[in-house]
Amino acid sequence: MIDFRLYGITDRHRCRNRSLAETVEKLVRNGVRAIQLREKDLTDRELYRLAKEITAITLKHGARLLINGRPDIAHAVGADGVHCPSDGLPPREIRRCFPGLLTGQSIHSLGEMRQAVDNGADFLLYGSVFKTSSKPVEPKGLKALEKICARSPLPVFAVGGIDSGNAESCIEHGAAGVACISALMEAESIRKTIKQFKLALGTL
Amino acid sequence: MKQSVKGLYLVTDTTIQQRFTHEDLAGRAIRGGVDVIQLRDKITPDRELLEIARTVVRLCLDSGVISIINNRADIALIAGADGVHLGQNDMPLPTARELMGDDKIIGGTASTLEEALEVERQGADYVGFGHIFETTTKNKDYPPRGLEVLQEVTKALSIPVVAIGGINAENIGSVMEAGAAAAALSSAVCAADDPCKAAKALKQKVGS
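Protein chains in written order, with the numbering used here: chain A, 102 to 305; chain B, -13 to 194.
Don't read these hints as lab results, they were simulated from the structure.
What you are looking at is a predicted structure, and each value in this text was computed from that prediction instead of being measured.
One should not assume that every hint holds.
To be verified - Reference excerpt, derived from the structure (chain A facing chain B, CB under 10 Å, subset only):
(1) L148
(2) G163
(3) I195
(4) C198
(5) F199
(6) K244
Positions of the beta carbon are idealized from the N, C-alpha and C atoms, including for glycine.
Build out the structure end to end from the sequences listed, making use of the hints.
Written out as structure tokens, the structure reads:
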């Protein structure tokens, strides 16, 4: 079910001079197979419209789209899944009313990992592994990532300060893949950046 | 068969007061005789909000009160609420209808006659129209609509009109006379010394 290694997370405020639609189009056209739409400052109506626009793009290129936190919007626009923040709706509850949605779950500790497994998530996002400008938190490091990955029955993606230079080390420490905002959104050349990620990860 | 929205409609609010939780307010207002409760909370994280919604829905179910969740179709569905209320910046009403089906109640906010007619045309079960009077619960960038416009709206629409905004014990009778099916209020109950007693007094003036 988790057939991707690079999970691109959006931030339309960090797309350089591109629009978000343009940025996502470039990502999926160059091989990124999973995108999370995470635009927390929009009204529901704006988010719905944007999600609809982005779904058309990911669908066209056969990439998966997950909507942050909102199964109703994900289902309504025909997206593939929901990404659940650690204090968001639990995956099991989501699936009762919105069957068929893929559910990713953000975790920050071993305790949250166990809870996410109990709650029926399909895959996990653990971080921040490295120092990142997206979140002002103390990085957890590769050792902690390794511990989580070794104990998790679910695929774990590393997040936080990931770039093509450190992506490989995350895989070496047991991650199923990596997720990033800045490295992709802010990339000068998306094509080149993804090429480097592909080299680091083996496959996208 | 879904119930028709009428009578006394409480919108729970834990930002204008912190003495009572949503669950507390719902319990007290139900004892006071409210007919509809809308859970409105834009701050609490979803996981916690779902649990609050579940409790409010159960309290409502036990007493035959209609439960509505503000702006979140997903939480309304998962918690098993009777319906959802959508503002002009929320998910489009037809989209929510597709998600929720005909058995759920969907209400839409309107502040002009045109918007009210549009909300009706989009398949809402009721229109929340306001604000009728000056209100402190929400910041508004337009003047109160008043009773005359409310009457115009209630005459033009065939679905129930829920009047909202600045309604209290003194003026609640006048909005019902203007043809509103229900009077929605928040601070008049939530911020009252005794929400149960306040609801009871309001309910008497609403009749039904």
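Against the structure, the hints come out as follows:
1. L148: Holds: closest Cβ of chain B sits about 9 Å from L148(A), inside 10 Å.
2. G163: violated, 25 Å
3. I195: With a closest approach of 7 Å, the I195(A) hint holds.
4. C198: It holds, given that the least Cβ distance between C198(A) and chain B is near 4 Å, below 10 Å.
5. F199: It holds, given that the least Cβ distance between F199(A) and chain B is near 7 Å, below 10 Å.
6. K244: violated, 29 Å
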